[in-house]
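Protein chains: 2
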Amino acid sequence: MSKVKKEFSIEDMRHSCAHVLAQAVLQMFPEAKLGIGPTIENGFYYDFELPRTLIPEDLPLLEKKMKQIVKQNQKFVGRDIDADEAIKFLEETGQKYKIELVEEFKKEGRDLTFYENVMPNDGKPMFVDLCRGGHTDHTGQLGHYKLMKIAGAYWRGDEKNPMLQRIYGTCWKTREELDAHIKQIAEAKKRDHRVLGKKLGLFTFDEEVGAGLPLWLPKGTVLIDQLEALARRKEDEHGYQRVRSPHIAKEELYIRSGHLPYYKDSMYPPMEMDNEKYYLKAMNCPHHHKIYAAEPKSYRDLPVRYAEYGHCYRYEDSGALFGLMRVRSMCMNDAHIYCTDEQFESEFKKVIELYLYYFELFGIEKYQMRFSKHNKEGLGKKYVDNEKLWIKTEKQVQDVLDKCKVPYVIAEGEAAFYGLKIDVQVWSAIGREFTLATNQLDFAVPEKFNLKYTDKDGEEKTPICIHRAPLSTHERMIGFLTEHYAGAFPYWLAPVQVRVIPVGKDFVKYGEEVLEELKKAGVRVEIDDASDSLGKKIRNAEMMKIPYMFVLGEKEVNDKNVTVRSYATKDQEVMTVSEFLKGEK
Amino acid sequence: MSKVKKEFSIEDMRHSCAHVLAQAVLQMFPEAKLGIGPTIENGFYYDFELPRTLIPEDLPLLEKKMKQIVKQNQKFVGRDIDADEAIKFLEETGQKYKIELVEEFKKEGRDLTFYENVMPNDGKPMFVDLCRGGHTDHTGQLGHYKLMKIAGAYWRGDEKNPMLQRIYGTCWKTREELDAHIKQIAEAKKRDHRVLGKKLGLFTFDEEVGAGLPLWLPKGTVLIDQLEALARRKEDEHGYQRVRSPHIAKEELYIRSGHLPYYKDSMYPPMEMDNEKYYLKAMNCPHHHKIYAAEPKSYRDLPVRYAEYGHCYRYEDSGALFGLMRVRSMCMNDAHIYCTDEQFESEFKKVIELYLYYFELFGIEKYQMRFSKHNKEGLGKKYVDNEKLWIKTEKQVQDVLDKCKVPYVIAEGEAAFYGLKIDVQVWSAIGREFTLATNQLDFAVPEKFNLKYTDKDGEEKTPICIHRAPLSTHERMIGFLTEHYAGAFPYWLAPVQVRVIPVGKDFVKYGEEVLEELKKAGVRVEIDDASDSLGKKIRNAEMMKIPYMFVLGEKEVNDKNVTVRSYATKDQEVMTVSEFLKGEK
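Respectively, the protein sequence lines represent chains W and F. Heads up: take any position in the first sequence, counting from 1, add 968, and you land on the working numbering. Heads up: take any position in the second sequence, counting from 1, add 968, and you land on the working numbering.
Where hints are given, some of them may not hold.
[As the list claims (entries may be wrong)] No more than 30 Å apart at the CA atoms, straight line, and that leaves these computed lysine-lysine pairs for DSS-like:
#1 Lys1265(F) x Lys1505(W)
#2 Lys1550(W) x Lys1487(F)
#3 Lys1317(F) x Lys1487(W)
#4 Lys1245(F) x Lys1166(W)
#5 Lys1265(W) x Lys1504(F)
#6 Lys1167(F) x Lys1416(W)
[Stated by the list, open to error] Quick list of simulated restraints, FRET-style, between CB atoms:
#7 Asp1193(F) x Leu1549(W): 25 to 33 Å
#8 Glu1484(W) x Lys1363(F): 26 to 34 Å
#9 Glu1547(W) x Lys1473(F): 51 to 59 Å
#10 Gly1490(W) x Lys1550(F): 19 to 27 Å
#11 Asp1367(W) x Lys1232(F): 53 to 61 Å
#12 Glu1321(W) x Arg1201(F): 30 to 38 Å
#13 Arg1201(F) x Val1377(W): 42 to 50 Å
#14 Leu1018(W) x Ser1266(F): 42 to 50 Å
#15 Leu1549(W) x Ser1266(F): 29 to 37 Å
#16 Met1241(F) x Val1542(W): 53 to 61 Å
#17 Lys1360(W) x Glu1552(F): 45 to 53 Å
[Stated by the list, open to error] To give an idea of the interface, some chain W residues facing chain F are shown, with a C-beta separation under 7 Å as derived from the structure:
#18 Gly1178
#19 Trp1184
#20 Ala1262
Honestly, the hints are just simulated from the structure, not real lab data. Note that the structure is predicted; figures quoted are calculated from it, not measured. For glycine and all other residues, C-beta sits at the position ideal for the given N, C-alpha and C.
Please build the complete structure, drawing on both the sequences and the hints.
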């Protein structure tokens, strides 16, 4: 039965693009074996086994061939096909990977569809692919596409299988969207935190230390220290107490907390010692619960808010590691708030306000919270069986989100076992999306850890626990901020705030006086006293994206002032050091 | 052959005490089996197998018996004895533990001596013990002794052997020394950091987290934060840069650093993952070396000084763990200074000055450095084979110690393989000794890690490396400071600096205004708004050793001031909050 589709979506266009790409590849390499060719966010890709390794110069050639196919307005014709018939056809063309897929689908009893490209005038078959659709009507409707890059990919993602070559493309309805996307990618590339991290001397990885274990260089450590000082200031204001906990604990603790039964795959393997197993902590929660339990609590002590920038370790597949974004070692802006049901709403509101404060501080204009709720069917199975508490706290959360005018989406039935969950997504200055942090409400764990407080009536009660981490982990936050600011960190955060640039040897002495004055005022400052030209010195400081250069020559020495050059505005202004300090502080 | 000794030392007196104790025990329990009875610092002990468990009330009874023996002026007579003869004698008296010792000594071919107590008039034998001596001439010369406590001790320290009962005694030449010692012990007991740590809410241990792994409660974390702020301030002044490193690394790193070949027993066991072994770091050095190596260095960059309060993990036998003093997890005031030979002296001097600054700040009046040097014979075997560098740097160190007038002792031939070493010992306010930290100079490691800098002449050279940790680990430092200050921390360090005490309900509102004013000024403050009596509130604040109480009643409300009561002086003074702040800041 022939399948015809009248309306089509951007998804369909991307699907069609993938087929046209595959047809073009077969024109270039008739012996090519096709892998899979799905659509992805922003476009599509297709995997191939080819007689030679592709080079970037192949992409324009392939685009040219795609253009010809587009011009031909080849029709997309879908039809159901019997598995054996499909295998017979694919065997004729030697498409071994497709055969593997069909055999699997056959076992699963799935219906199969072939989509064929035929010429509009004579119906001449040009290309056929195993595919669920949908597609555009013909190849003249691909929208605006571009082949982006070549990568290697194991067949079915398994490293025991052969490595295929993957071609990525992007596809959009309008030329403007395509251009914007390409521009964003170019901008993102310039802002890549891995590249900037190296250039600006923020962090490094070392083979002998291990994959996914960042070492923070002095300049990166300034970022960490500034973020921690910020968190400390805000958390002091909000009545948090700080605690410290070790990075390991015995197996028993993680059995009690539920990490070992439910989270073991994300944990490092154990260390066996004194007939005990010790694990690196993947989260700080169990340690904080133990600190709560160490001293008796009364209702007068609540809410108890424990904050710790806690260093956790999680196992990630080495293939999944990515710069600072996916690491095995992470230092989290963690805190646990133990409170009564009555206190929950105001505590949760304060947490949300903290987020909003940080968003404003960092100039994060677009953000969204994903609010995961329970569902009735799951109570007692998927969810802690306390419907009243679920409904009450979910309502409180929603009220707070509404009151604070936080944009959010609701995910029904996606809460955690032990309570509702809020994932925080932010978009960087160039519109790239990052998942920053997760807040959770926990009904279950305080019970498991036997956490109590003595209420007014003398009775022992169990508090509820809010987990929060608004500044995420240092790794993810600094990765995000590096890309968000393109490495040009704001003055308060910048690893080096001022570089003093004497224009020649004769002014180095004055430069050092200025340096000392700034140091005494607590400014992070360095001096470029090399014998380079002024132009080179300025370029060097620009490269390091230092917020201010203080240029000093004869005039400045005589007038006891400095010429301040701003990285952000490129403006120059003459002022005294104390005038500068007054302005920036 | 009879052994007679004319002069005797305090050691001999303690030795004689042990024998007299054993004789007294045999009088009380004729069936007692004797273990060993050595002298120790301040006294002696003796282990016994007894028909019943001793109780504290037994000690005065034993002292009474000892007194009788003392009065008898029994002579100590030593003689060489043949092993078989000794065994025969010991078998007659059933002294099975002594027999075990003799058999072992016999195998080793050692000479044996018996010391016998005999009555001065008729030579009647009263007691005999296997013993190397020396002793006093007679039991009338024991000096001033006291039995101190009873403890359990496995025979030969092995838990597979029977548990014996150990009696500790102290012994001194003069009554004054004995009294001072007993007073110091009583004072030390009051200052025990484990007891104060619990009482003041500083830290806790938890069975499920693991032995030797302290969890820092909010008040203890204030101490940590203050120490870190202090270190940060001083290290900023001294031109250190801060870095951060993960707590684990691959086996390869610790093979390169030498930890795995030479230090494995003190490390946690490995975690096996992705066909690699990962270890918890026992020291921060290798990570810092990797940070040094991450970016090329020129002579203009040196000295490079990397500081990190780095959290290390070391395996200690569970029996050796002791409060915060012997732990398995420790956070160290670590830094590594990479410098040229020429820079070494001034860098080392600055490190010593940092120590002296801290000693003064903490009121540490007695301290000593133990300076471990190489020796010529060991060069190329026990020591890195660079005599010139050894001699040069040792002279530089000695010059600095002399110039800074630091009391020190020299330990010839006790340097580490890779360089000289300085151990820092301090004495607390009540004269208890603590080993705080170790500084080391490393000639070898920079080479192993291929650490380089480009010198003026364009040549690549290897820096030398100074390890230092003047504030020790948080664990040891806070343990020491707790005992040193008896928990009454100075204002700048105190977990809570001020407690506001309204004398009644009517003044709570004013108390809260005062609280807010202090909070705004950054004071760590709390309010006691319970309905207790003023006396009880003052006692509670005294118990927590809070530096200042602000007592508020009608007069203070009317006059808009506070009555400040000092914990240290017990003085009371009326002033405004801003007057207080001016005085304390």
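Against the structure, the hints come out as follows:
The suggested pairing of lysine 1265(F) with lysine 1505(W) holds, with an alpha-carbon distance near 19 Å, which does not exceed 30 Å. Simply put, lysine 1550(W) and lysine 1487(F) have alpha-carbon atoms about 25 Å apart, close enough for the 30 Å limit, and the pair holds. Distance restraint check for lysine 1317(F) and lysine 1487(W): the Cα-Cα separation of roughly 23 Å lies within the 30 Å cut-off, and the hinted pair is therefore satisfied. Taking the CA atoms of lysine 1245(F) and lysine 1166(W), the gap is near 27 Å; set against the 30 Å cutoff, the hint holds.
With a CA separation close to 20 Å, the supplied pair lysine 1265(W) and lysine 1504(F) stays within the 30 Å bound. Our distance criterion of 30 Å between C-alpha atoms is met by lysine 1167(F) and lysine 1416(W), whose separation comes to about 27 Å. For aspartate 1193(F) and leucine 1549(W), the Cβ-Cβ distance of about 27 Å falls inside the hinted range of 25 to 33 Å, so the restraint holds. The hinted window of 26 to 34 Å between glutamate 1484(W) and lysine 1363(F) holds, with their beta carbons roughly 33 Å apart.
A hinted range of 51 to 59 Å holds for the C-beta pair glutamate 1547(W) and lysine 1473(F), which are about 52 Å apart. For the pair glycine 1490(W) and lysine 1550(F), the supplied restraint of 19 to 27 Å holds, since their beta-carbon distance comes to about 22 Å. Range check, aspartate 1367(W) to lysine 1232(F): Cβ separation about 58 Å, and the 53 to 61 Å hint holds. Judged by the Cβ atoms, the range 30 to 38 Å given for glutamate 1321(W) and arginine 1201(F) holds: they are separated by roughly 32 Å.
Distance hint check for arginine 1201(F) and valine 1377(W): the Cβ-Cβ separation is about 46 Å, which falls inside the suggested range of 42 to 50 Å. Take leucine 1018(W) and serine 1266(F): their Cβ atoms lie about 47 Å apart, and the range 42 to 50 Å holds. At about 31 Å, the CB distance of leucine 1549(W) to serine 1266(F) agrees with the hint of 29 to 37 Å. At roughly 59 Å, the beta-carbon separation of methionine 1241(F) and valine 1542(W) lies within the given 53 to 61 Å, and the hint holds.
Separated by about 46 Å at the C-beta atoms, lysine 1360(W) and glutamate 1552(F) satisfy the suggested range of 45 to 53 Å. With a cut of 7 Å, the hint placing glycine 1178(W) at the interface with chain F holds, because the nearest CB-to-CB distance is about 5 Å. The restraint placing tryptophan 1184(W) at the interface with chain F holds, with a minimum CB-CB distance near 4 Å, inside the 7 Å limit. A least Cβ separation of about 4 Å between alanine 1262(W) and chain F falls short of the 7 Å threshold, and the interface hint therefore holds.
Checked against the numbered hints above, the structure breaks none of them.
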